[in-house]
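*Asks:* I would like the entire structure built from these sequences, with the hints used as guidance.
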Amino acid sequence: MDYQLTHKTVYRYSEPVSVSQHAARLEPTLNQRQQAAGFSLGITPAPDVLSIRTDYFGNRVTVFGIRELHRELTVEARSRVSVASLTNPILTLSPLWSEVSKRFRDPVSPQDTGPYEFCLDSPMVRLAPTFAQWARRSFQSNTPILVGVSELMARLHAEFEFDPVATEVATPLEEVWEQRKGVCQDFAHVALACLRSLGLPARYVSGYLRTVPPQGKERMQGADASHAWFSVFCPQNGWVDFDPTNNLIPSDGHITVAVGRDYSDVSPLCGILTGGGEHTVSVAVDVEPID
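Letter by letter, the sequence shown follows residues 474 to 764 in our numbering.
Derived from the structure by calculation, the hints contain no laboratory data.
A few of these clues could be false.
Heads up, simulated DSSO-like pairs for lysine-lysine below, C-alpha to C-alpha not over 30 Å straight-line [said to hold, decoys possible]:
| id | residue 1 | residue 2 |
| --- | --- | --- |
| 1 | Lys481 | Lys654 |
| 2 | Lys654 | Lys690 |
| 3 | Lys690 | Lys481 |
Derived CB-CB ranges, DEER-like [unchecked claim]:
| id | residue 1 | residue 2 | range |
| --- | --- | --- | --- |
| 4 | Thr527 | Pro489 | 27 to 35 Å |
| 5 | Glu590 | Lys690 | 34 to 42 Å |
| 6 | Glu545 | Glu590 | 35 to 43 Å |
| 7 | Val754 | Arg653 | 21 to 29 Å |
| 8 | Ser582 | Ile745 | 38 to 46 Å |
Idealized CB from N, CA, C, for every residue including glycine.
*Replies:* In structure tokens, the structure reads:
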């Protein structure tokens, strides 16, 4: 499936900004499943300095600075991406979750150090016995890892309410857990906390969701906005994605932009500035399938 993506962010400030420095993670990931035919980033006012690099997790980052007075900042990313459909793994043929967890206990072998770092605490996801206890209902001693993750995803989808006004970007995970409602970012964080608390490597994935629903199907939650899900490491299959917001394994309807330990590693746009006073932000995302 081919897509034309547009992600436009506009900041409006109550007072002039004299200097600002930003990092944008808006360029889709390139891998065997996902190929890009073009990417451009429009910034107004025009930056004085701009550089592009690859971060620790392999995400493309555009770093830019603006040194002129401005009351508004517009960042518009345009991408063209081709995403191949996936054949879902056979969940029952995956190794037992207990064997995978055992593999990632200290000390780990050198070839496992990459996934191992996704077993640990991160800035927005803290391990806790509460999460492990809730997750264990999906992971009996003889449960294949992908069967357990799929069941945990389904339970999370059933027991947590999608509510776009219940949380903000910085809402603590513990608050989401208590009120049992939130958005895709929150559901991904809950899943990460549960899986990591069992000793399983799990990472955060940010991207987009196809905006055109299949024939006869309801529109999926998370469309027309940045979307988030998670992936778990299975030694047999590598990283396998799961979308708890929609209770499905992503395929060609999900476009990956960045991966990290949690949202703080993959924020589409972040920065620091001098001045500005209070500000408002508006975000518009369009995911258009191309014939």
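*Asks:* Confirm or reject each hint.
*Replies:* The hints, checked one at a time:
{"no.": "1", "hint": "Lys481 x Lys654", "in the structure": "holds, 27 Å"}
{"no.": "2", "hint": "Lys654 x Lys690", "in the structure": "holds, 24 Å"}
{"no.": "3", "hint": "Lys690 x Lys481", "in the structure": "holds, 28 Å"}
{"no.": "4", "hint": "Thr527 x Pro489: 27 to 35 Å", "in the structure": "holds, 34 Å"}
{"no.": "5", "hint": "Glu590 x Lys690: 34 to 42 Å", "in the structure": "holds, 37 Å"}
{"no.": "6", "hint": "Glu545 x Glu590: 35 to 43 Å", "in the structure": "holds, 39 Å"}
{"no.": "7", "hint": "Val754 x Arg653: 21 to 29 Å", "in the structure": "holds, 27 Å"}
{"no.": "8", "hint": "Ser582 x Ile745: 38 to 46 Å", "in the structure": "holds, 40 Å"}
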